[in-house]
Amino acid sequence: MPDTRPKIVGFCCERHGMDAAVLAARSGKQFEASVRLVQVPCTGRVDGMHILRALEDGADAVFVLGCLEKNCYYDTGSIEGRKRVGYVKQMLSELGLEKERVEMFNAASSNSWVFPEIVAKMVEVVKKFGPIGGEKR
Amino acid sequence: MIVAKRKPLNEIAEMLAPYKKVTVIGCRSCVAICLAGGEKEVKMLVSALKVKNKRDGRKQHIEGTVVERQCEKEWVQEIEAQILDSDVTLSMACSLGAQTIGDMYPKHLTFPGLNTGMFGVPEEQGVWSEKCVGCGNCIIHTTGGICPIARCAKSMLNGPCGGSANRKCEVNLEVDCAWAAIYDRLKLQNRLDLIESVTPAKDWSTSHSGGRRVFEREDAKLTPHQKKGKGVT
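Sequence lines, in order, name chains A and B. Note that our numbering has the first sequence beginning at 1, numbered continuously upward. Note that our numbering has the second sequence beginning at 1, numbered continuously upward.
Any given hint could be a false lead.
Here are the simulated lysine-lysine pairs, PhoX-like style, with alpha carbons at most 20 Å apart [said to hold, decoys possible]:
#1 Lys168(B) x Lys89(A)
#2 Lys54(B) x Lys128(A)
#3 Lys83(A) x Lys20(B)
#4 Lys83(A) x Lys70(A)
#5 Lys89(A) x Lys128(A)
#6 Lys131(B) x Lys20(B)
#7 Lys59(B) x Lys21(B)
#8 Lys5(B) x Lys21(B)
#9 Lys50(B) x Lys99(A)
#10 Lys50(B) x Lys73(B)
#11 Lys70(A) x Lys121(A)
#12 Lys99(A) x Lys107(B)
#13 Lys89(A) x Lys99(A)
#14 Lys54(B) x Lys127(A)
#15 Lys43(B) x Lys89(A)
#16 Lys168(B) x Lys131(B)
#17 Lys40(B) x Lys89(A)
#18 Lys99(A) x Lys43(B)
#19 Lys54(B) x Lys89(A)
#20 Lys83(A) x Lys40(B)
#21 Lys21(B) x Lys50(B)
#22 Lys99(A) x Lys83(A)
#23 Lys89(A) x Lys5(B)
#24 Lys107(B) x Lys131(B)
#25 Lys73(B) x Lys20(B)
#26 Lys7(B) x Lys99(A)
#27 Lys202(B) x Lys89(A)
#28 Lys21(B) x Lys54(B)
#29 Lys21(B) x Lys43(B)
#30 Lys83(A) x Lys54(B)
Simulated from the structure, these hints should not be mistaken for laboratory data.
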């Protein structure tokens, strides 16, 4: 049976972002979405190209999760990540697509509640706008 | 270098909408440096257009490629098959690249993906500023290496206008007065006497005002014999 849940891709930095996701996963929480995480060394490495490619390849929404901006392991990495997300949002808007499909979040590795909140928010976005190129799931 | 800016994506999508097969061609020279039409920008544009098409349910084949210098025929020729195999080419180079493809394949449609802006330099990461307008008769040896034609809003040749105040330009208070900068530079070089010399009215016939310009260098041109591929005569 095909998985009809929203498809969400998350780019998580290997420091706080991924740790926050792992912490949430260990709690055994079930998500209303098919979430694929891509671990990156730093959200400053995430490029608009990666985000758009994820959307092109079937993701309904994409998020980038990095360290808190004043506590980034690489100092300004999550600020760079936010700028890239902002640029992609602008591109989506120019094309008449929903910029809400792409978001940047920050978390500390101990914030176990953040990851489920992020997934819930992105699921809401997909429910509101439907999948790209299909009926609402 | 030539500085350009991507056209708004809705404008690009509208241009390409009627066509089934699109080739987007970037350039690894100036427009890659100014982050407008290099390899990464081509990939992002292609991806974004594919997402848009998926959303709109439009069947359109889009592929991207990039050449070393789109303004040179030899580099464009390498991807001739790809160009001619598509219904339309979107050039992500400056207008020179787009026109080179257009001139080489006049029956083929070539559209611009960028707005070509200026001759500029990268001032800092993400900032480019105009420093030359290509007037065809450079005088910066007399102005401390700063071009008053490009950097003064009024292209003044003999000192600042009355609108220069507190070293800023009246046209845009964010912009430094070019003549204040020229004064500082000449002072630094101990050549302030130059500021008092009078520059006569400029001959603009060497600029675009004289019509389309073609530069030739006889010693570099091929003879008709060489053009036929028969070697040096």
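Which hint numbers does the structure go against, in order from smallest to largest? 1, 3, 6, 8, 10, 11, 12, 24, 25, 27 and 30
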